[in-house]
Amino acid sequence: MRRLDELDLPTFDHTDPELGGDSWHTRITELARSGWLARTPMATVVLDRGASEEILRSKSAIFPGREVADLFEIDSGPLREEIDRNIININGQDHQRLRSLVAPHFTPKAAESHRPWVADLFSGLLLAAMNSGEFEAVEELCKPYASRVICELIGGPPEDAHLLHDWSVWVQRQFDPIALANELATLEIKAAELQEWVKALMEYKRKSPSSDLTSTLIAIDAEGDKLSETEVENLIINVILGGIDTTQSQLAHAIRLFGEHPDQWQRLTENPTELVAAAAKEALRYEPVTPFTARLLTEDLEVSGVLFPADTLLLVCSFMANRDPTCFSQPDLFSPSSRTGDEGRMLTFGAGIHYCLGANLATVELEEAIRSLAENVERIELVPGSRFGNVSGIYSMDRLPVRLHSR
Numbered sequence: 001m002r003r004l005d006e007l008d009l010p011t012f013d014h015t016d017p018e019l020g021g022d023s024w025h026t027r028i029t030e031l032a033r034s035g036w037l038a039r040t041p042m043a044t045v046v047l048d049r050g051a052s053e054e055i056l057r058s059k060s061a062i063f064p065g066r067e068v069a070d071l072f073e074i075d076s077g078p079l080r081e082e083i084d085r086n087i088i089n090i091n092g093q094d095h096q097r098l099r100s101l102v103a104p105h106f107t108p109k110a111a112e113s114h115r116p117w118v119a120d121l122f123s124g125l126l127l128a129a130m131n132s133g134e135f136e137a138v139e140e141l142c143k144p145y146a147s148r149v150i151c152e153l154i155g156g157p158p159e160d161a162h163l164l165h166d167w168s169v170w171v172q173r174q175f176d177p178i179a180l181a182n183e184l185a186t187l188e189i190k191a192a193e194l195q196e197w198v199k200a201l202m203e204y205k206r207k208s209p210s211s212d213l214t215s216t217l218i219a220i221d222a223e224g225d226k227l228s229e230t231e232v233e234n235l236i237i238n239v240i241l242g243g244i245d246t247t248q249s250q251l252a253h254a255i256r257l258f259g260e261h262p263d264q265w266q267r268l269t270e271n272p273t274e275l276v277a278a279a280a281k282e283a284l285r286y287e288p289v290t291p292f293t294a295r296l297l298t299e300d301l302e303v304s305g306v307l308f309p310a311d312t313l314l315l316v317c318s319f320m321a322n323r324d325p326t327c328f329s330q331p332d333l334f335s336p337s338s339r340t341g342d343e344g345r346m347l348t349f350g351a352g353i354h355y356c357l358g359a360n361l362a363t364v365e366l367e368e369a370i371r372s373l374a375e376n377v378e379r380i381e382l383v384p385g386s387r388f389g390n391v392s393g394i395y396s397m398d399r400l401p402v403r404l405h406s407r
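Going by my numbering, the sequence shown wraps up at 407, each residue one higher than the last.
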């Protein structure tokens with residue numbers, strides 16, 4: 001067994017602002033050819049699927065949100081409060097308790113119950129956007145769709161959906177070292193605004209409860225165990241942060257991918273009933289919007305013949321894990337129509353105790369958007385002017401001009 005610090009590893013900077021689109025695919029694929037480990041200025045990158053899943057499932061590997069905050073000297077204020085209370089930064093029995101209380105509201109059955117109104121919402125946005133001819137899909141489709149789903153889910157006023165989107169995008173950048181280095185003051189302001197909005201929503205729901213998630217969490221009483229006011233507040237914040245920017249970005253990539261692969265789009269439109277679920281799954285596999293998931297080791301951990309010392313910061317690369325040829329045939333090919341028989345499980349939503357709580361709802365949202373597009377759009381034409389976000393945080397499409405040709 002060799003220690004990590006004894007290995008001569010290639011170097012890679014995942015914060016490089018030039019990484020995006022084809023350049024991102026080329027660089028990370030070339031890096032993986034050199035081996036299953038690489039070094040960045042801040043961490044060690046894990047490029048092997050088996051090792052990635054083992055690390056994500058290990059109790060010795062925690063999410064390093066607090067430690068990253070310490071590194072950037074974020075020791076007080078609203079952003080630090082959100083980081084400390086975020087369920088992803090809570091471990092052990094406290095994490096299990098919170099997750100067990102909120103998990104019933106994110107089961108496959110719960111997600112399915114939202115499918116009809118989610119489908120209606122996207123169809124309305126799509127038809128309105130198509131009437132304008134050429135349009136910018138991120139701004140007119142992806143952003144309002146993702147934000148209005150979450151706003152409806154938590155019982156917020158529909159006219160505030162755009163505010164939730166803005167807060168989600170900004171506060172979610174707590175995971176992006178580029179943003180922490182350059183935009184910390186704005187993150188602090190946005191975190192404070194979001195906290196105040198959620199507190200006001202909770203106050204209203206105490207007086208006028210309904211069937212939304214906020215009212216339900218306030219009323220939770222499981223075997224005598226209740227959520228505190230602070231816990232409810234931060235679970236709602238977690239839903240906002242985790243459910244808007246991610247879904248918006250994944251949908252934008254899906255639209256782009258189908259625009260780049262008209263043959264696959266044609267097959268989907270010819271058989272949407274059979275292929276919609278596979279199409280959503282393939283978009284999630286091929287272009288995960290969380291290309292890297294950070295973990296910090298609390299003790300020494302041996303993985304695949306390498307000893308990783310305690311306090312090692314790791315970046316698990318879901319992009320390469322999703323391209324494991326033992327799990328997916330022709331893994332570098334975007335091909336929903338050939339994925340229906342694949343048995344591999346992608347790591348886009350993570351693994352282990354921090355597996356994405358909203359995975360079922362996000363999948364329903366993506367499926368219904370793709371279904372509506374397949375039923376209404378003959379051809380997706382990508383218009384020049386697309387702009388990619390950075391892979392160091394939530395990997396987004398910042399701009400996606402399109403022209404959707406009606407069926």
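Mixed in with the good hints there might be a few duds.
27 Å max Cα-Cα, derived BS3-like pairs, lysine-lysine [stated by the list, open to error]:
id	residue 1	residue 2
1	Lys199	Lys281
2	Lys226	Lys207
3	Lys109	Lys281
4	Lys226	Lys199
Cβ-Cβ distance ranges computed for the label pairs, FRET-style [said to hold, decoys possible]:
id	residue 1	residue 2	range
5	Pro325	Leu127	37 to 43 Å
6	Ile353	Arg2	44 to 50 Å
7	Arg2	Val383	33 to 39 Å
8	Gly35	Leu382	31 to 37 Å
9	Asp166	Gly77	44 to 50 Å
Read the hints as simulated data drawn from the structure, not as lab findings. Idealized CB from N, CA, C, for every residue including glycine.
Hint check:
1. Lys199 - Lys281: 36 Å, violated
2. Lys226 - Lys207: Satisfied, since the Cα-Cα distance of roughly 18 Å is no more than 27 Å.
3. Lys109 - Lys281: Measuring from Cα to Cα gives roughly 18 Å; hence the hint holds.
4. Lys226 - Lys199: Distance of about 18 Å is within 27 Å: holds.
5. Pro325 - Leu127: 37 to 43 Å: 41 Å, holds
6. Ile353 - Arg2: 44 to 50 Å: 29 Å, violated
7. Arg2 - Val383: 33 to 39 Å: Roughly 51 Å apart at Cβ, these two residues miss the hinted range, so it is violated.
8. Gly35 - Leu382: 31 to 37 Å: 35 Å, holds
9. Asp166 - Gly77: 44 to 50 Å: 19 Å Cβ-Cβ, so the 44 to 50 Å window is violated.
In summary, the numbered hints that this structure violates are 1, 6, 7, 9.
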